[in-house]
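Participant: Sequence:
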Amino acid sequence: RMAAAPPSYCFVAFPPCSKDGLVVFGKNSARPRDEVQEVVYFAAADHDPGSKVECTYIEIEQVPKTHAVVLSRPSWLWGAEMGANEHGVCVANEAVVTREPASESEALLGMDLVRLGLERGATAKEALDVIVALLEEHGQGGNYYEDGSSCHTFQSAFLIVDRNEAWVLETSGKYWAAEKITEGVKCICNQLSLTTKIDAEHPELRNYVRSQGWWNGDSDFNFSEVFSLADDHLACCSGKESLEKQGGDVSAQAMIDVLRDKDSGVCVDSESFLTTASIVSVLPQDPSFPCVHYFTGTPDPSRSIFKPFIFVDDVKLVPKVQSPSFGNDDPAKKIPRFQEKPDRRHELYKAHEWARSLLENDQDKGQKLMRIMLELEKQGLEAMEDILTRTEVLDPAEVVDLFYDCVDTELKFFK
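Each step along the sequence shown adds one to the number in the working numbering, with nothing skipped, and position 373 is 373.
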């Protein structure tokens, strides 16, 4: 049996489940325990005709214009586990296992497609169209982990969200199906979830599965049943009920609470996997309000704090959550790949390691530190709530160094 996909969880809540006309999005990224995630911002850019972009493993055609993006990503790769763009589009991916073995040959990773969708799509549907077109052209494949000793490959599922709607996109090779969501709560995890409600699909999807003998054409077409390994497509989502119980009050705080929940399994801390980073985004349905994106930039959300980011021009960069760059000497870029593992820890990650050891070794001091950190987080959440409820337009100067200052304050407390 193929290796289990890492148990990440992604959520979205729409009004009337969420409060004040907000769409709330969240993801816990479960990855190998020692992997470092960084939070990086790339400004919008124009590109010369004919230019190329170097993704994790392959080079593809660049587009004339890319949108500004903020990403949480394993620092050895080009793409991202999750992120947002300046137009209020959020994308997160899940590694999934289907009855079709994922390709080991290097192509686009699911994580590359997250970033490409964000850089090229100004709405959720545009991002979806970008992802499936690139899948058709280049395929998906290659090692999901920074591991020179074996190749871990998966198929991809995506949650793609904007201020108005969300799309759940599930893929197997270049084949795909998608469901549009505009209300209620949706969770996706590391197994297929689409059944018979399919709002868009690969034009050859049904012919292909017929030719494979996976569907006879008589019964209802159920994507999960057709593509899952025998008993895989079960209800996966334990966090969904907790969000639904909020009864119209899903807020950033409620989403954070769900992501921190270890008992439900949403916050992963197992022998092989750890929640190495988390995101929560709040997308007001009224476009005159800004979207707010909260990132941890550190592992284990129950011991991390969520720090807000808002897109404005000339937003201040935050080197302290960026991993060191090794350029062309990076073992991830040399063939054969991953022959060694450099130290990719950024400054916030190192400080957080210290705080974690304090929590483990000196409970009193650790608890006290955690209380201070949560108070800091609460101030950030309240300040953002104020921005999202006031009538006057946001002055960009007020938030240009918002994320920078939050990281800086967090580091000061650790010191």
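A few of these clues could be false.
[What the hints assert, rightly or not] Keeping only pairs whose Cα atoms sit at most 27 Å apart, straight-line, the calculated BS3-like set for lysine-lysine is:
id, residue 1, residue 2
1, K365, K350
2, K19, K65
3, K316, K262
4, K52, K65
5, K368, K412
6, K19, K52
7, K197, K320
8, K245, K262
I should point out that these hints are in silico values taken from the structure, not numbers from a laboratory.
Participant: For each hint given before, does the structure comply? Return the numbers of the non-compliant ones in rising order.
Facilitator: 2, 3, 6 and 7
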